[in-house]
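*Asks:* Listed below are the residues making up each chain.
Number of protein chains: 2
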Amino acid sequence: MSILREQAEACKKASRRLAWLATGQKDRILLQLASQLRARQTELLAANELDCEAGAAAGLSVALLDRLRLTPERVEGMAAGAEQVSRLTDPVGRETAWTRPNGLLIRKVRVPLGVLCVVYEARPNVTVESACLAIKSGNGALLRGSRSALHSNQALVKIIQECLVEAGLPAEAIAGVADLSHESITTLARMNGLVDLMIPRGGAELIKRVVETSTVPVLETGVGVCHLYVHPSADLSAAVPVIVNSKCSRPAVCNSLETLLLDQAVAEAAARLLEPELRPRVRVQGCPRTLEIWPWAQAASPENWDTESMDLILNVRVVRGLDEALEHIALHGTGHTECILTQDLEAARRFQREVDACTVNLNASTRFTDGGEFGFGAEIGISTQKMHARGPVGLDELTTYKYWVEGQGQIR
Amino acid sequence: MSILREQAEACKKASRRLAWLATGQKDRILLQLASQLRARQTELLAANELDCEAGAAAGLSVALLDRLRLTPERVEGMAAGAEQVSRLTDPVGRETAWTRPNGLLIRKVRVPLGVLCVVYEARPNVTVESACLAIKSGNGALLRGSRSALHSNQALVKIIQECLVEAGLPAEAIAGVADLSHESITTLARMNGLVDLMIPRGGAELIKRVVETSTVPVLETGVGVCHLYVHPSADLSAAVPVIVNSKCSRPAVCNSLETLLLDQAVAEAAARLLEPELRPRVRVQGCPRTLEIWPWAQAASPENWDTESMDLILNVRVVRGLDEALEHIALHGTGHTECILTQDLEAARRFQREVDACTVNLNASTRFTDGGEFGFGAEIGISTQKMHARGPVGLDELTTYKYWVEGQGQIR
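Protein sequences, first through last, are from chains A and B. Following my numbering, the numbering of the first sequence begins with 4 at its first residue and continues without gaps. Following my numbering, the numbering of the second sequence begins with 4 at its first residue and continues without gaps.
Take the hints with a grain of salt, since some may be wrong.
[To be verified] Derived contacts from chain B toward chain A, CB cut-off under 7 Å, selection only: (1) Lys389; (2) Val408; (3) Gln413.
Worth flagging that the hints you see were computed from the coordinates, not collected in a lab. Each residue gets a CB set at the ideal place from its N, CA and C atoms; glycine is no exception.
The following block holds chain A by itself, in its conformation from the complex:
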């Protein structure tokens, strides 16, 4: 048997022990983890240093090296994250029940999914975050980080497993995947019956690969080609900060703005107000009409409209009204976050209803699509699919339900 299958079987078996753990016990493990992360910061930073040195020697980009690096602040961030998850409401065991005329009691009970397999890239904090959400939701987890973060992830998983063992639980419930070959992702994604959910957390390419090869259900998160449409009735002076915030506050995340759709009725006026904010720091890629208004912008290529830039790059298109805006979004949107700025309630309602996305914003920055901003606490990502979970994915979405039907010998 392959090492991966052995790990998955051990994790599945161990997950049954986690499944019905009392909330207080799970929270104590999380708090112990927080305290251990703080206490063993030196050990963690030393392990991380090995990864960073190897990464620098291998010529990783500055951006990747930054995501890989642990600092005392980032270790503290992980510890605080574990504490935060300990304060979230435990979904497991939540129940609705009703009695049928024949006396049957039907109980719909929330239960863990079983084993989550999280596939992610450089950032070591994803190891801790995923483990905390798995523990609190009663699931086992197979953590498949990247080879570049090997030492950091091993050190983190060691601490997590020690906390489990101290609480009398099997270490295998949260496991770092031992085989980091390229093929291991596909192998894991086809372990139906052992792995209950694949969660790729990373770039578009990683997500696409998992979706295409998986026979296990996939929680599709992340890719966001987000649009913002400025309707003729928009308050233009209020529009400027919303647009700038949507694009510039953190361009490398999935809820940042990629394409601005300006209604032709207000395009010139909006452009006048936006120019001083955008021109100095954002590369604008425009449609032909945009280039007439802003000759300093670059011409957008067909691919630009479908690209998540992860950078200070903004596509701009002038559209002939709401219909053309809706059409553009239907064609180029990824089902993440779409926004309309308007004072016209009828236009707003139509936009909200017709746009097929997890979050549709009215007069608010696209950056609000986030578990924390929604008030959910920690999240494992933003789901852009329609089945099971849509939008910010928190603890509830890492569970399923089953029915307990209780009788006294009823027959049908």
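Here the structure of chain A is known, so what remains is to put chain B in place on it, guided by the hints.
*Replies:* Showing chain B alone in chain A's frame:
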């Protein structure tokens, strides 16, 4: 463009018109459909007669011919079904909302999925049932019935479409798939972006094929290798009718019993009570210990334990306690319905928690896993998967949700 893609695009476009139809309007369409089905019974029976004749000539089995056949009673059943769906609560637009400290209003709103693709076998009533559930949940539907029911399904879709058109809606919202080739199922199952959910309604082979080839999400329904475990503390005289009902009341459906697990402590006593009920009408396939008790039974083959017989066939195994019963179910169960008969609450709780199935029954027939019996009204099947929908799938599960985030220029 292929005819299938043309139909799917037309259905997607039309589904937007259905999506936000008022409940009253949808209900009027359903009631009109019911009245048209009754009024045009002769036309329907004539179309069905063509299919039945062709089926008989092609040598279809008696069971298949029976499923194919429409009778005045069955037409009345379809009409009554449409009326029943009209009385169900409309899930679309149901909303929970909260306000964040920054003044953002977050509205979580239930919305249709878009386009459902239902793949099914001989029974023409599935055409009407699927169309009614799609209409009430605001979804478009591509109905891919079997070639053997071609004339019946065409006649039914014609009536459904006339009802849509009379209500001012595009006929394409509910379409009979024009290409009934073997490959058409795979083509439909890969139309991501046009088809939102595949729903195979049929035998294990059909479901497996759709699951394995689909890139669109699949609602996996139906295969039920259901177990019933008789615990030492069970009330044996109450056990007999539950076991007989589970196996015999309708053996060809997914919630019927396949394998009886008798605890060794009560196996002989239970067998004595069961023999007069089972021996005359059920073929028993037993483990070696069962054959010692019931020498008239046949020896079970390894495959028997994993087979949904759809017939008056019962596997019987004597187990050495709850652990062995749980192990057997973990190995051979299909996640459908598993039952324990016991008076011991602790054993019951362990069984309910540890068995990984959509429905876990305590002292009640397996036959209760059913939308109607749960009080949900009509159902489109029993989901044996964990994501999105588990157990009886009704209107709610044919919808998803989106977030409407409403502000006054908030930025993050």
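*Asks:* Taking the hints in turn, state whether each one holds.
*Replies:* Hint by hint, here is what the structure shows:
1. Here the hint on Lys389(B) is kept, as its CB sits about 4 Å from the closest CB of chain A, short of 7 Å.
2. A least Cβ separation of about 5 Å between Val408(B) and chain A falls short of the 7 Å threshold, and the interface hint therefore holds.
3. Hint status for Gln413(B): holds, given a least beta-carbon distance of 5 Å to chain A, under 7 Å.
Going through the hint list in order, the structure satisfies each hint without exception.
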